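Since the structure of chain A is provided, determine the placement of chains B, C and D with the ligands on it from the hints.
Chains as they are written, first to last, in our numbering: chain A, 21 to 345; chain B, 21 to 345; chain C, 10 to 355; chain D, 10 to 355.
In short, the hints are calculated from the structure, not lab data.
Being a predicted model, the structure only gives us computed values, none of them experimental.
Where is the CB? At the ideal position from N, CA and C, for every residue including glycine.
Everything hinted at is true.
Here are the computed lysine to any residue pairs in the SDA-like style, where the Cα-Cα straight-line distance is at most 25 Å: (1) A/Lys153 / A/Glu225; (2) D/Lys222 / B/Ala334; (3) A/Lys74 / A/Gln25; (4) B/Lys74 / D/Ser138; (5) B/Lys250 / B/Gly221; (6) A/Lys277 / A/Gly205; (7) D/Lys280 / C/Glu306; (8) D/Lys71 / A/Glu206; (9) D/Lys31 / D/Ala224; (10) A/Lys241 / A/Gln25; (11) D/Lys71 / B/Met154; (12) A/Lys322 / D/Val330; (13) A/Lys153 / C/Gly63; (14) B/Lys153 / A/Pro203; (15) C/Lys222 / C/Glu276; (16) A/Lys74 / A/Gly98; (17) B/Lys250 / A/Gly205; (18) A/Lys153 / C/Asp50; (19) D/Lys75 / A/Ala201; (20) C/Lys222 / A/Arg345; (21) C/Lys280 / D/Ser310; (22) D/Lys71 / A/Gly205; (23) A/Lys322 / A/Gln41; (24) D/Lys75 / A/Gly268; (25) A/Lys153 / C/Lys75; (26) C/Lys75 / B/Ile200; (27) A/Lys250 / C/Arg80; (28) C/Lys71 / B/Pro272; (29) B/Lys250 / D/Gly77; (30) D/Lys71 / A/Glu273; (31) D/Lys71 / A/Gly264; (32) D/Lys222 / B/Glu341; (33) B/Lys153 / A/Ser210.
Stretch-level coverage of chain B by chain A, calculated; a stretch enters the list once three of its residues show a Cβ under 8 Å from a Cβ in chain A: (34) 169-181; (35) 207-215.
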Amino acid sequence: MEREQLLDLYRDMWLIRAFEQGLEAEFEQGNVPGMLHTGLGQEATQAALANNLKASDAFFPDHRCHGLNALAQQRHKGDGERIMAELFAKSTGVCGGKGGSLHSADPSVGNFGDNAVEGSYLVTVLGVALAAKMRGESRVACAVLGDGTVGRGEFHESLNMAAIWDLPVFYACVNNGYAIATPVGEGHASADIVDLARGYGFPCEQVDGNDIVASHDAVAKAIGHIRAGKGPYFLEFKTWRWQGIFAGEFRPEAEVKYWREDHDPILMTDELLIDRGVDADELAAIEQQQHALIAEWIAFAKESPPPDLVKATADVYAQWEVGGR
Amino acid sequence: MEREQLLDLYRDMWLIRAFEQGLEAEFEQGNVPGMLHTGLGQEATQAALANNLKASDAFFPDHRCHGLNALAQQRHKGDGERIMAELFAKSTGVCGGKGGSLHSADPSVGNFGDNAVEGSYLVTVLGVALAAKMRGESRVACAVLGDGTVGRGEFHESLNMAAIWDLPVFYACVNNGYAIATPVGEGHASADIVDLARGYGFPCEQVDGNDIVASHDAVAKAIGHIRAGKGPYFLEFKTWRWQGIFAGEFRPEAEVKYWREDHDPILMTDELLIDRGVDADELAAIEQQQHALIAEWIAFAKESPPPDLVKATADVYAQWEVGGR
Amino acid sequence: MNDTQLDANPAPSDARPKKPRKTSFTKALNDALDLGMDRFDEMFLIGEDIAEMGGDFGVTRKLWAKYGAERVRDTPLSEAAIIGTCVGAAMVGMRPVAEIMFADFLGECYDQIVNNAAKVRYMFDGQFSAPLVIRTACGGGFGGGPHHSQSVEGWFLNVPGIVIVAPSNPADAKGLLLASIESDDPVLFLEHKALYRARSDVPDGYYTTPLGKAAVARTGTDLTVVATMRMVPMALTAAEELEAEGVSVEVIDLRTIRPYDAETLLESVAKTGRAVVANEAPKIGGLGAELSARIHEECFSELSAPVGRVDGLDAPIPFSVPLEHEVLPDETDIATAIRATMEASR
Amino acid sequence: MNDTQLDANPAPSDARPKKPRKTSFTKALNDALDLGMDRFDEMFLIGEDIAEMGGDFGVTRKLWAKYGAERVRDTPLSEAAIIGTCVGAAMVGMRPVAEIMFADFLGECYDQIVNNAAKVRYMFDGQFSAPLVIRTACGGGFGGGPHHSQSVEGWFLNVPGIVIVAPSNPADAKGLLLASIESDDPVLFLEHKALYRARSDVPDGYYTTPLGKAAVARTGTDLTVVATMRMVPMALTAAEELEAEGVSVEVIDLRTIRPYDAETLLESVAKTGRAVVANEAPKIGGLGAELSARIHEECFSELSAPVGRVDGLDAPIPFSVPLEHEVLPDETDIATAIRATMEASR
Ligand SMILES: Cc1ncc(C[n+]2csc(CCOP(=O)(O)OP(=O)(O)O)c2C)c(N)n1
Ligand SMILES: Cc1ncc(C[n+]2csc(CCOP(=O)(O)OP(=O)(O)O)c2C)c(N)n1
Ligand SMILES: [Mg+2]
Ligand SMILES: [Mg+2]
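Excised from the complex, chain A in its bound form (with noise of 0.2 Å):
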């Protein structure tokens, strides 16, 4: 990988480290209405994908992705901020408060919006796919899944459609290892979820999704297959986060050190940009100017108005009004 490419995933994954640690902290203050599930640990993963996919393909992101919906509405509208607006409940935010952390879209740079149940959009992006299909765009329909959310029977159900139908539709499941407290190996016949994916056909692979370079090839890889007409694809990334669940961490210490410490995706980034020369300076601005960014999309979103009250009822229904109180 080019050196200038590096660099700028780089820059993206402390974008996303920035962004969920500033939200975090805000969250942590009372300042970030319901819940937060946030990306950490998962950057580069998250990366790989915003650095890949276009505006004109159609992602579905899961309940982590603050990052990866920010990456797509800076790189394609410049907006970043609009992400942590939403996250704030602000009507400044990319669905104007009403959908936050969970349901936060912009068709208009690929992002489908989450669905907070979790595992739904599988079959969603299956229409997607075969509008894209239908009507021979060369449009990339992604649904990004946790491992926990393969427990679904829409799992089978899409990646069985999909088969049959051909549809271009780039299965990326994110296997940070848990669903809340349960670890994949016990929610799961297997511990690969590629074993699961496999009877349906379509190409299956794994990937180290802490390792960018890797991450990033292996995701052109499967959009190549997909936007070369060649039907699904299926690409597991074995990741990790930082999150515990809300009563704090769970998960033994050697597999907590080796994750945050020994495998982390920007520290090891750090290290490939070093060995190319990069002095250490220019990584700390990089760290930095992204700080900095985040800074100031807190700050939009804190400033930024709530919604009106008239947006309580509005938007139900396309053709009739209903009444407020």
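Same frame as chain A, now just chains B, C and D with the ligands:
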């Protein structure tokens, strides 16, 4: 296989065929309410199941399992006619006429009833299996499922859960090549359903579902595996149904000829038995006996009174009465 | 709400043409689908055995031959995926029309309907629409048993964002289906199985019957019966019977169940001062409850007797036809309720 | 129906003991589960992260440690399989208690609840029971957004065979949960998230609170408010406010939504002559409709004003807390409805 055992299976296959043919004739005369799906052509599969399941097991029959249901009733309680009566919606039926073809159950013979929402019992069977496991019973919980029914997401949820909990579930998949008019290879990523089941890590086998000896042995092996506490087992019967769709036959002529003439489970067994020295008259006598028995069952069903109207509101709740008109 | 219909939909809609012919409900639906497919490139049909076979009830017959397998699309037995596919396709501007073979199977895709189709517009701040139609065969009366006979409107009545359409005759079936296809909101389109063979005059060509508007199926002055689907012809029969007894019954065919046309029905009850609501579904928590409550609340001073509620018994649908008849309401039950209401107000 | 409760269940039930203590709703539920697990060998708990973690809301805390992984069973994210497992196990006499993390996810297992749990007894002619309990966290008010905030009783109101239980306070929560566990009918047990931290006196030890029986939460003479779950404390607050204005409000806590205790509520309305029904769910087709209809129909001559209906607006639940407050009803809305009803009857 012993000659006597083969003769028993032969007798059972004729019972199924006579049952379905008698029923079909009555249905055409308007004497049987509702819809009708018959098991004609699938006699070997059903007889193999009936001969291996005990009254203390639990099976969920599919919509073509009148024969299996009747055999279970006949073997374990001597009242096969109550399946016929149920189809005629009579008070003497196993469900007093409230269930009909798609909801005939009698747990005392191991029949847990069809669910006309195809595939829904794929998850119900888990609970029966789990209870058996928790109680240390040697019960096998069997779901008979058509190839079409495999389309349901519950297929994945069920196989996964059976696998992780090592449940005594026997998946008896009746692949008769079609779901209504949809060929199995068009509805699924693979025309071999085992391909979709293998990822869960328990044994998945295929058998010629029209070969009674092979089917019987395959079922015995599957059930032996489960009773030995080794967890779930998936067996795919390759068979074919005589019944097309209500609008008539739609399948290729050569296919129809192969299955109805060259690969009829009863004709195939005729040959086997004749090879073993059974004479043709004895076989003809069995055929006649079973037709005579079914004629009696039909007469019983027809003579039986309809359910009392108070049954309309009985058994909605255990603890409350529901009012009538 | 419910009372203002802003036709925000720019899709073309011809004036309702002249020459009507006796056509079956099934054929009227088939014609509507054909006309829709012809007019809207974004429209496609999807469901189990709807293509070459033409669907379990023949509603999509011949459309596969005419429009091809891409646009008349058979699926596996995967109801969640069928509706999921529709929602996704609709989110990018297609107009999918799904067939769910029996309404009882909507439980399989309940989440997609309630949490996805009904909410994408709202939760994403108007950035998506879900212009999909879910056609499905509902209702009892033919010995279909507990999983092939249910009236399911009650499952969706409390779900904002969903439109529920329920025609009672072939002409409305055609016009309402075309209006549903034009609709930018997700429509659950209920086809009562007992009506498929009903015949009536149906205009040729493309026309729409507005969603959210009830029809006065019969005018009368003494009492208003509000009914849907199969209960409409039953209410008309009961009305004839009562006519002979000197009671003049007005029959309102609701046509759209959600959002429903309160204006038409309240106007009628304000005039007659008496009402009976008739539904096939179980009483508790059904459509009848909503209508009865609304009428009482808004016509309290005009009512000379409490609203009568005719419904199914509070039970699943049994297989036995005599038992099923016991569970389901009929003309006689409507007539009885009308008489009781007249009596109570004397 | 609805009015006769035949306690056909032979399970043992102690007399309600004496010494009450301030206990949280969550702890009361936890105690009930503990007492149930201790008493009934056939009982087991099943759900996502309910074992070591103790469930998303901590209701099953410590039970895994006490009863082991066989009886306190974590599952994959497979709601249909969770409920399917419960139905199958219940059919052979187990007493499973499932936790569906958020009520919004009941769409995933809607078929199992409606077509299976609710019908096995009936369609198989009484040969099976489905003594299962589905506990689930419902309701809004905490910025959970459209998929973590819904009131779902309306989804199941029109489904015969299902029992819907909806406690409003810790003591009832405990007694009703134990009664639900004892019940041979399938119970949907709704736990309003806003109530988890509510505290009240809860008796020690094993006791049951009968299903199908409402409670008079406050006596009054001028107007009856019928409410469930979180609307009960809100109704009590409104009642206090109205007391100061000289209006004496009776508050009925329905406790069981299906089948509901019509007797208690109709008696109350017959006495007061005025009623307001209060629910968090959207108005159209909700519980309020059923209650309003029933009261009007049966207390027609006693009512001096139409029944007031307080409900959520006809919209999904938005993420923004101020918008959510706009959609959901509160004390003020109840008080306003009481005043309007009093006004209308003068
Ligand atoms: C249908 C459904 N069931 C349960 C939940 C509650 N829930 C939210 S996240 C989650 C775990 C998801 O695990 P995974 O897909 O691995 O994502 P991760 O949080 O590990 O990134 C669960 C069970 C939900 N949102 N939707
Ligand atoms: C959930 C559901 N969807 C659709 C149907 C309608 N239906 C009844 S049988 C059938 C085909 C089933 O095919 P298969 O499982 O292969 O059984 P076969 O009839 O071939 O024996 C369908 C689609 C149903 N009963 N339930
Ligand atoms: Mg995970
Ligand atoms: Mg088949």
